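Colleague: The numbering used here numbers the first residue of the sequence shown as 1 and each following residue consecutively.
These are calculated hints, taken from the structure and not from any lab test. Some hints could be false.
Restraint-style ranges between C-beta atoms, simulated for each label pair [stated by the list, open to error]:
(1) 54 / 34: 14 to 20 angstroms
(2) 135 / 88: 55 to 61 angstroms
(3) 47 / 106: 29 to 35 angstroms
(4) 59 / 80: 25 to 31 angstroms
(5) 49 / 139: 22 to 28 angstroms
Straight-line distance between alpha carbons at most 20 angstroms, and here's what the computed SDA-like set of lysine to any residue pairs gives [said to hold, decoys possible]:
(6) 49 / 59
(7) 115 / 66
(8) 140 / 43
(9) 115 / 18
(10) 41 / 115
(11) 137 / 95
(12) 137 / 59
(13) 115 / 48
(14) 137 / 19
(15) 115 / 39
(16) 115 / 42
(17) 115 / 33
(18) 115 / 56
(19) 41 / 132
(20) 49 / 123
(21) 140 / 46
(22) 140 / 130
(23) 41 / 66
(24) 115 / 8
(25) 49 / 18
(26) 80 / 59
(27) 137 / 9
(28) 140 / 12
From a predicted model like this one, the values you see are computed outputs, not experimental measurements. Virtual Cβ for every residue (Gly too), placed ideally from N, Cα, C.
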Amino acid sequence: MLTSMCTSRVLLPYLGWLLLGFITGAHWLAFIPGFCFNRFKSYGRFSVKVIITHIAAYWLANALFWIFRQSMLPWYIQCKGGEDMSPACLFNEQETRYAAFYVIHLLLLLFFIIKWIVDGCLLYRWILQSDNIAAHKDDKNFEKDSVMYQD
């Protein structure tokens, strides 16, 4: 079990998850045939649509996070207590639009963190399942092709 976990098929997606996955969702490329030591010709557990949707979710959340973050900066009012931000300052001293954008940008950050952690926890299992499904599909296609070319 440990040797299968240390193969490049698993390590490369985890490296992508660790280094770039938080912002880009790059670890989802591991499920595309031909990428990240994926030797199969068929898609496994995830279709192209699902893979692109997950990667797009990371990019969309990233873009929205920075849009909300940068949009609220001009509305900032210095807190009376001298702190950078506290719940009392956010909801009592700041404008409503600033508070709304601040909360939304924190929710987007929370989405990033939860999605990244869940993907990391399930990535190993997803790779194994996807490879098993792709291998089964490839075997079926091989059998179908070999029957078709027999005389």
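Colleague: Hey, residue 137 versus residue 9, does the alpha-carbon distance stay inside 20 angstroms?
Modeller: Holds. Residue 137 to residue 9 sits at ~19 angstroms (cutoff 20 angstroms).
Colleague: Does the structure keep residue 80 and residue 59 at a Cα separation of 20 angstroms or less?
Modeller: violated, 36 angstroms
Colleague: Falls inside 22 to 28 angstroms, the C-beta gap from residue 49 to residue 139?
Modeller: holds, 24 angstroms
Colleague: Just to be careful, I want the Cα atoms of residue 49 and residue 18 compared with a cutoff of 20 angstroms; is the pair within it?
Modeller: violated, 23 angstroms
Colleague: Under the criterion that the straight-line Cα-Cα distance not exceed 20 angstroms, is the pair residue 137, residue 19 satisfied?
Modeller: Answer violated: residue 137 to residue 19 is near 31 angstroms, above 20 angstroms.
Colleague: Residue 115 and residue 66: Cα distance at most 20 angstroms?
Modeller: holds, 17 angstroms
Colleague: Going straight from one Cα to the other, do residue 115 and residue 33 come out at no more than 20 angstroms?
Modeller: Violated. Residue 115 to residue 33 sits at ~23 angstroms, over the 20 angstroms cutoff.
Colleague: Can you tell me whether the CB distance of residue 59 to residue 80 sits inside 25 to 31 angstroms?
Modeller: violated, 38 angstroms
Colleague: Sort out whether residue 46 lies within 20 angstroms of residue 140, counting only the CA atoms.
Modeller: Answer holds: residue 140 to residue 46 is near 18 angstroms, not above 20 angstroms.
Colleague: Does the structure keep residue 49 and residue 123 at a Cα separation of 20 angstroms or less?
Modeller: Holds - the C-alpha atoms of residue 123 and residue 49 are around 18 angstroms apart, at most 20 angstroms.
Colleague: Just to be careful, I want the Cα atoms of residue 41 and residue 132 compared with a cutoff of 20 angstroms; is the pair within it?
Modeller: Holds, at roughly 12 angstroms.
Colleague: 29 to 35 angstroms was suggested as the range; check whether the CB atoms of residue 47 and residue 106 agree with it.
Modeller: With a Cβ separation near 32 angstroms, residue 47 and residue 106 satisfy 29 to 35 angstroms, so the hint holds.
When held up to the earlier numbered hints, the structure conflicts with 4, 10, 11, 12, 14, 15, 16, 17, 23, 24, 25, 26, 28 and fits the remainder.
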